[in-house]
Amino acid sequence: MSKTATPETHPVSESHSHEEHHGPTVKMYFAIFFALAILTVVTVLAAMFDFAPMMGKEMGGFVNNLVALGIACTKAALVILFFMHVKYESKLVGLAVVASVIWLAFLILITISDYATRTSDWHLFG
Amino acid sequence: MSKLAASLQHHFADFKQQKESVVLGMWSFLVQEVMFFGGLFATYVVYRSQYPDAFHEGAMQLNSVLGGVNTIVLICSSLTMAMSVHAASKGNRGAIAFWLVLTIIFGSIFLGVKVVEYKDKFDHGFIPGISDHGLFTNHETHQPRPTGFALYFALYFAMTGLHAIHMIIGIPILAIIAINGLRGKYGPEYYTPVEMTGLYWHFVDIVWIFLFPLLYLIGAH
Amino acid sequence: MSTPNHTSVHTEEANYLTNETTIQSWLLTKDHKRIALLYLLSVTLFFTVGGLFASLVRIELLTPAGDFMSSEMYNQAFTSHGVMMIFFFLIPAVPAVLGNFLIPLMVGAKDLAFPKINLASWYIFMVGASLAVFAVLTGGLDTGWTLYPPYSSTYSQSRVALAVAGVFVAGFASILTGVNFIATIHRMRAPGLTWFRLPLFVWAHYATSLVMVLGTPVIAITMVLLFLERVFGFGFFDPAKGGDPVLFQHLFWFYSHPAVYIMILPAMGVISEIISTFSRQKLFGYSFVAMSSLAIAILGFLVWGHHMFTTSQSAYTGILFSALTFLVAIPSAIKAFNWTATLYKGSVSWETPMLFAFGFMGLFLIGGLTGLFLATMGMDIHLQDTYFVVSHFHYVMVGGGVMGYMGGIHFWWPKITGRMYSNFWSKLSALFIFAGFNFTFFPQFILGYMGMPRRYHSYPEEWQVLNVMSTLGASILAIGYLLPAIYLTHSLFLGKKAPANPWGATGLEWKTASPPPPHNFHETPIVTTEAYDYQSLPLSETPEKSHV
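Residue numbers (our numbering), protein chains in the order written: chain D, 1 to 126; chain C, 1 to 221; chain A, 1 to 548.
No wet-lab data here; the hints were simulated from the structure.
There's no promise every hint is true.
[Unchecked claim] To list a few chain D residues with every Cβ distance to chain A over 10 Å, as calculated: (1) Leu66; (2) Cys73; (3) Ile110.
[To be verified] Listed below are the simulated DSS-like cross-link pairs for lysine-lysine, each with C-alpha atoms no more than 30 Å apart in a straight line: (4) D:Lys91 <-> C:Lys19; (5) D:Lys87 <-> C:Lys16; (6) D:Lys87 <-> C:Lys90; (7) C:Lys3 <-> C:Lys185.
[Said to hold, decoys possible] Chain C regions said to be covered by chain D (calculated; three or more residues, Cβ under 8 Å): (8) 76–84; (9) 197–203; (10) 206–212.
Cβ coordinates follow ideal geometry from the N, Cα and C atoms, glycine included.
Bound conformation, chain D alone:
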């Protein structure tokens, strides 16, 4: 069977993983839950609110979108950091989360750049 690795021979683990018992307490889990529930109520109410009279239709729509996505990202962050323990995990796990967001951004932003910059008056040679 395998030789027992000694501290001198075992390679430095890149994840000095915290004890399994480190993590949110039960109180914290419930606190996060309440935060998520409240944020859900807030996002529904904000979506029902019409910002257009205040700032015009386009700006109003933009603010609605911003608020909705902002709240969604906040909720997702709470789930990721606490329910999924990422706050207490190795940096590698955090990198995986960040990488997936970046790659999703590549897909969406570059694709949308095509649609956003198609002009009907493009001429190849002048």
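Following the hints, position chains C and A against chain D.
Below, chains C and A alone, put in the same frame as chain D:
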């Protein structure tokens, strides 16, 4: 061999290596899930930017309050899932199963509400290819629906459908883990399967956290 | 630990091939080495099927008239060739055969992190492949391997839905392989084996695994969308419903471009091992080569629109993609320079794997450079959808990818099977492949530049000479691929028994018996040297003299 020793697979040097490998493997899987749903989100961004009014009209056919309640139901299921992982870390057999059963119940309520919503779409003819008489003509005003209305519902069913499939796959897994928990398979030294199931379930919750505002709330006013 | 001259002492001890011999022990194995062989059988089968379709194409193109097949049949021939070769040969070949076999050995582990998932990946792969083969045989597929709507979604009468399901399923095999490799490489390295002591083969597969995990799900969802489009008329790509066929192309190529890096990065990893071994020198610029694999994996995700310059994609986005495509050529070039520098003042020997490696370097160079022609938007307007593109990608995928695969098979064959193969026949086959390949594909650059479009079964008379030359080349190439089937099979039964380290190579896989014991090592190795440290090899592990 003790139950604990049996849960260390032979190709790993020790529990620490096994746990770290499984955690990294599961997160790699979740990364691919992000990109899997990501293709649908990209499609949504493209078509919503092209047909904002049609998407607004599509979203108005949905009930945002019902969707909001369903969102909270799913958040409850995430809480109970986290509690069951916590119970597993303490080796509390009964509590593991209790919290997982609650998770299954909340998940089932969510799916039940979706069935109600889908039935409503079926009746209105908003389901492409299956019941689509309402996708191109507004039956009340007899006016044509704007271009993009059909695409909104195509996306609605593709995105919520894929999400629902993930939940349908998850629920039996929750049940198996609950049964294993009752049998005493998990304790402070080894409760990785419960944690990994939790990661999957939370991921599915996060997808809904984005689907809800993108599909429902754009029609809220 | 066995030495080169004492193999017979160890024949009584069970190796991974002899420890169990029932069918069940193969079909339900969790041993990564056996799973690698299951994959070897599968990919060889699909390579053969894909090759048969290629033969149909080349036979048709012997004459200018479309007289061998109808255009509909021809559409099926080139589509099936592409689908078989790309999804069921090139993508799995090096990673699932060589990667599966070698990565645990190279990192000093007993197996991959998830052996059961490894086995599952083979079954998933076979289910996907079976669906696709079934589609091809019952009604066929005629959309091109690229499956573009609206033809694939609306007008084609062929088995699109079934084929698309097959590709979807097979993609998950790729994803699971990537997950397994990532966890293994990060967490299961032997004591002392730090990242920068890893063989470059491992770095290459790590980078490949990132691409597999980040890219494959996007083609999976694209196949779902196409399925929904075709079966339920969802309308994502249908202008009548507000959809855009070009969106399919964005989603399709977001994966399919990085997919080519899934095909080439592992082959490049093989080349690094071969060049180093047969120059008997540490690979020049090790960290540059390692980092370049990661750079290719990352940058490779940002260039997909270079497949879409002529499809009404915004020209501004096109400019971005063109610039990034030029950028992604740089890390590949860095590798080529480092391989070359490794040869300098090395003790170079011309064993068969080295012949394949040299073939790779020349052919990949041509393939890579012609990619730059295509990356230039202005030139691409002329060259897109011509044989220039066909030739470019065959140079990189076959001249690069397949040469790398063949080189790897020949390099590690003694380790995998415990047998040596014929030097004469293997070198002859390498030469046939190199010559046959160039005769097949170089004329296609010229044809393409002159304007011959791809995917047409007939062409103007004045292009016949070059087409005949290409078909002749393909026949030579076919012989080159047939020969290994014969002499490698022969070696299994009658080949000389291989020592643990016939090539005098470095790396943990060479420190265990050929073939390895079921759990790879009798004791967990402890690594104390850098990679490619030929100085520290015992004198008994110098390469064996060439033998016939």
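Next on the checklist: Checking each numbered hint in turn, tell me which of them this model violates, lowest number first.
Outcome noted: 3
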